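Trainee: For reference, the chains in residue letters:
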Amino acid sequence: MSRPYAKLPRWIDYGLIPLVNLVVAFLVAGLVVLAVGESPLQAAVLMLRGAFGYAEGFGFTLYYATNFIFTGLAVAVAFHGGLFNIGGEGQAYIGGLGVATVALSLGAILPWWLNLPLAIALSFAFGALWAFIPAYLQARRGSHIVITTIMFNFIAASLMVYLLVGVLKPVGSMAPETRTFDVGGQLPKLRGLFELFGFNLGGAPLNVSIFVALAAAFLIWLLIWRTKLGYEIRTLGFSPRAARYAGMSETRLIVVTMMISGGLAGMMALNAVMGDQYRLAIDFPQGAGFVGIAVALMGRGHPAGIVPAAILFGMLYQGGAELAFDMPAISRDMIVIIQGLVILFAGALENMFRPGIGAAYQWVRFRTEEPAGASVGEAK
Amino acid sequence: MAEPAIELIGIDKSFGAVRANKSIDLTVERGTIHGIVGENGAGKSTLMSIIYGFYQADRGEIRVGGRRVEITDPNAAIAAGIGMVHQHFMLVDNLTVVENVMLGAERSPLLRKGIATVRAELRRLEADHGLEVDPDAIVENLPVGLQQRVEILKALYRQADILILDEPTGVLTPSEADHLFEVLKQLRAEGKTIILITHKLREIMAITDNVSVMRQGEMVATRKTAETSVAELAELMVGRRVLLTVDKDVAKPGDPMLSVKRLTVKDGRGVPMVKDVSFTVRAGEIVGIAGVAGNGQSELLEALSGIRQAESGQIVLCGREIDPAKESDPAEIRRIGCGHVPEDRHHMGLVLPFEENENSILGYQDDPRYQKGLLLDLTAMRRDARDKIEGYDIRPADCRLKTANFSGGNQQKIVLAREMERDPDVLLIGQPTRGVDVGAIEFIHKRIVAMRDAGKAILLVSVELDEIRALSDRILVMFAGNIVGERGPDASESELGLLMAGVDEKEAAE
Numbered sequence: 001m002s003r004p005y006a007k008l009p010r011w012i013d014y015g016l017i018p019l020v021n022l023v024v025a026f027l028v029a030g031l032v033v034l035a036v037g038e039s040p041l042q043a044a045v046l047m048l049r050g051a052f053g054y055a056e057g058f059g060f061t062l063y064y065a066t067n068f069i070f071t072g073l074a075v076a077v078a079f080h081g082g083l084f085n086i087g088g089e090g091q092a093y094i095g096g097l098g099v100a101t102v103a104l105s106l107g108a109i110l111p112w113w114l115n116l117p118l119a120i121a122l123s124f125a126f127g128a129l130w131a132f133i134p135a136y137l138q139a140r141r142g143s144h145i146v147i148t149t150i151m152f153n154f155i156a157a158s159l160m161v162y163l164l165v166g167v168l169k170p171v172g173s174m175a176p177e178t179r180t181f182d183v184g185g186q187l188p189k190l191r192g193l194f195e196l197f198g199f200n201l202g203g204a205p206l207n208v209s210i211f212v213a214l215a216a217a218f219l220i221w222l223l224i225w226r227t228k229l230g231y232e233i234r235t236l237g238f239s240p241r242a243a244r245y246a247g248m249s250e251t252r253l254i255v256v257t258m259m260i261s262g263g264l265a266g267m268m269a270l271n272a273v274m275g276d277q278y279r280l281a282i283d284f285p286q287g288a289g290f291v292g293i294a295v296a297l298m299g300r301g302h303p304a305g306i307v308p309a310a311i312l313f314g315m316l317y318q319g320g321a322e323l324a325f326d327m328p329a330i331s332r333d334m335i336v337i338i339q340g341l342v343i344l345f346a347g348a349l350e351n352m353f354r355p356g357i358g359a360a361y362q363w364v365r366f367r368t369e370e371p372a373g374a375s376v377g378e379a380k
Numbered sequence: 381m382a383e384p385a386i387e388l389i390g391i392d393k394s395f396g397a398v399r400a401n402k403s404i405d406l407t408v409e410r411g412t413i414h415g416i417v418g419e420n421g422a423g424k425s426t427l428m429s430i431i432y433g434f435y436q437a438d439r440g441e442i443r444v445g446g447r448r449v450e451i452t453d454p455n456a457a458i459a460a461g462i463g464m465v466h467q468h469f470m471l472v473d474n475l476t477v478v479e480n481v482m483l484g485a486e487r488s489p490l491l492r493k494g495i496a497t498v499r500a501e502l503r504r505l506e507a508d509h510g511l512e513v514d515p516d517a518i519v520e521n522l523p524v525g526l527q528q529r530v531e532i533l534k535a536l537y538r539q540a541d542i543l544i545l546d547e548p549t550g551v552l553t554p555s556e557a558d559h560l561f562e563v564l565k566q567l568r569a570e571g572k573t574i575i576l577i578t579h580k581l582r583e584i585m586a587i588t589d590n591v592s593v594m595r596q597g598e599m600v601a602t603r604k605t606a607e608t609s610v611a612e613l614a615e616l617m618v619g620r621r622v623l624l625t626v627d628k629d630v631a632k633p634g635d636p637m638l639s640v641k642r643l644t645v646k647d648g649r650g651v652p653m654v655k656d657v658s659f660t661v662r663a664g665e666i667v668g669i670a671g672v673a674g675n676g677q678s679e680l681l682e683a684l685s686g687i688r689q690a691e692s693g694q695i696v697l698c699g700r701e702i703d704p705a706k707e708s709d710p711a712e713i714r715r716i717g718c719g720h721v722p723e724d725r726h727h728m729g730l731v732l733p734f735e736e737n738e739n740s741i742l743g744y745q746d747d748p749r750y751q752k753g754l755l756l757d758l759t760a761m762r763r764d765a766r767d768k769i770e771g772y773d774i775r776p777a778d779c780r781l782k783t784a785n786f787s788g789g790n791q792q793k794i795v796l797a798r799e800m801e802r803d804p805d806v807l808l809i810g811q812p813t814r815g816v817d818v819g820a821i822e823f824i825h826k827r828i829v830a831m832r833d834a835g836k837a838i839l840l841v842s843v844e845l846d847e848i849r850a851l852s853d854r855i856l857v858m859f860a861g862n863i864v865g866e867r868g869p870d871a872s873e874s875e876l877g878l879l880m881a882g883v884d885e886k887e888a889a890e
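So the protein lines, in turn, are chains A and B.
Following this note's numbering, the numbering of the first sequence begins with 1 at its first residue and continues without gaps.
Following this note's numbering, the numbering of the second sequence begins with 381 at its first residue and continues without gaps.
Simulated from the structure, these hints should not be mistaken for lab results.
Computed from a predicted model, the values in this text were never measured in an experiment.
Honestly, I wouldn't trust all of these hints.
One-sided and incomplete, this derived list gives chain A residues near chain B with beta-carbon spacing under 7 Å [what the hints assert, rightly or not]: (1) K228; (2) T235; (3) F238; (4) G247.
Within a straight-line C-alpha distance of at most 30 Å, the following computed DSSO-like cross-link-like pairs (lysine-lysine) qualify [to be verified]: (5) B:K655 x B:K706; (6) B:K768 x A:K228; (7) B:K655 x A:K228.
All C-beta atoms, glycine included, are put in the ideal place defined by N, C-alpha and C.
Given only the sequences and the hints, what does the whole structure look like? Please build it.
Mentor: Okay, structure coming up:
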């Protein structure tokens, strides 16, 4: 047995270690706040209160979280197949085109609940197609998917500027955006639902697409761990040679995995475009595609981790905005620093504390179990 | 009597809850060759890593020449006069011999002086020990045996008195191994101390003065080689008697199940690795392919199993012709009725992070019996896995356990169970017992023979000559991509060894 560290129980792996990472991230962020002369404790209170303290703030937190569930799942699916999809941003952007197609053409004709499935299908299809090209290039030509998906973000951004400035902009308007969707192209907010429980969401844009996001999380869990396709994706992700040995087609798997990933990123547009802004505006994803990478890493690729991680980042977005508003010394950029620290500790340095925690756990367990082990030895 | 060259007293080392070394005592006399044998995972490598400073012992002390030393890193080991030749060479392939020997001992920012010193020293070592090697040769152009010699020279250049060799013959042809032993004997004659780690008992018998046996982290015995036997050492290693030979009747070959005609296969770089090879495997026989690793066996197996596209030639499998022009498809080969136990079980035969039951359907994931609507039928998968665990005595008997947590032997049993329980007509087996402990080897060999007796055609590739000779009904020897000879199972080892080294068949017959 030459494994240096034995397997850790799940509560350490999925509970304690992310928690420790998070605490350290906030401690370092606290130092930054201290450095600009504000009280870290007060900042934390402001941030938490902004994100969770009142119904409207919570509504905003969940609205952002919805975006991040979609993009986080997108990154996670690709990750299981051993692919790093950095193109969530562009795929979400193009996905907006799918949503807008439905909302602009059918918004005046069909009610929202008939338009929603169509918008889901089209946003998924548009995002998937945008991911198809890098996927095909990777599978057939070996062009590295990280590079191509990054480049496709820029292509998507330029394409959308072209479309929004030239093609989709209503005549006479100055803003680079489509006209406002008709009522059938607008997803209902959850204000009424929350009022039943006595909460006032105020102007929070939380809408029905959060249920679509949660359903997607469940379906992705089912896909990855309960279907043959998921089995093949995981095999490819862990060992391309084993996938080849098992007779799986690498080309097909790369393309299918990336298209599912791109499609999920595209579905993020449901929330932002059809659920909040009711129009397709320039740069609407606002970095959600990139945050999805951190969410997927922190959630360890599992939907049950991605949903809480998405809520955490929703909190950082919403609470951060309130913090920047209430503490003049803390600018919007400071919030980005804090978000960056969370990404750094929870994502990039995820394994920093693992050896230490593992060793401590083994030490504790070894000490408590040794007498029992010794008596077994004597019994022989 | 002189002080022993090296003494270990009460060495203890744990990794987490696993105690890799338990109070090890070892004394190695100066000017002797001391063998250390043990199964995989017995703790040999850990112990040597402690001596060479890769790990620190939790308890215990190391004495070199009677003096206690603290070996905190490999530099300290070198300073104490200890040199190590690793199983996987630590050489820079595209540097010359001189540059490799100098690496880490350049002494000054400009290399001129260093190179001159190394050259002079290499000439002296050549004269003293007969360690001949072209100092300006690029290392990657040297045969494996000479590369190993460069490793030895590196250690001697650093004034090593104690030389540790970790599985030195694993990559050598028998004649290269003989040559190495000559060198080692000569070094011994000059007063150097050599520690030889191996799992090949015959080498121990052939060359060592003393031998120590490790089992499950403990040093269970030390013997004078002259006073022990292979059987005793094998028993000490596993703690019980094992069969070193395989009981089997004479084969009753039937119809040809796999025939290969003029097959040529290129590797990833476009270099032909299998050249114009033809042979046939019949039902009810085991055909063994002997050869030193890297002579085309791997590519041959991969081409036959559809993993690698063949360049040209003809393969007829169970009466069906496989068109080499068509894109090869491992799933198709499997459907025709050909199982494959791959050489590289860690990266090909298994997905180590998977649960055991997930691995037990790898390659057969399309089988309708594992499907339930759109989903996989986990109940069926696990039931199936539990049956195989029982039938093949896979331990621990837990089909939900991560595959990486099984030992090498049990991992191999997982692969074997998966491929054999499909009852294929043809079974391709690569390195069935590599990294597998002695107890499991016996089991695996019995299973392979049972498959043969059930009338299956079996193609066995192994670099272990003993295994090939024990199992095969016919032996084909591969060298440089060609089949250079066919022999019966009674062929002598030296005869096969010569063929493996590429010596002409007529010369070999003499």
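Trainee: All hints, please: hold or fail.
Mentor: Do the hints match the structure? See the list:
| no. | hint | verdict |
| --- | --- | --- |
| 1 | K228 | 6 Å, holds |
| 2 | T235 | 5 Å, holds |
| 3 | F238 | 5 Å, holds |
| 4 | G247 | 3 Å, holds |
| 5 | B:K655 x B:K706 | 19 Å, holds |
| 6 | B:K768 x A:K228 | 21 Å, holds |
| 7 | B:K655 x A:K228 | 38 Å, violated |
Going down the numbered hints, you'll see the structure goes against just number 7.
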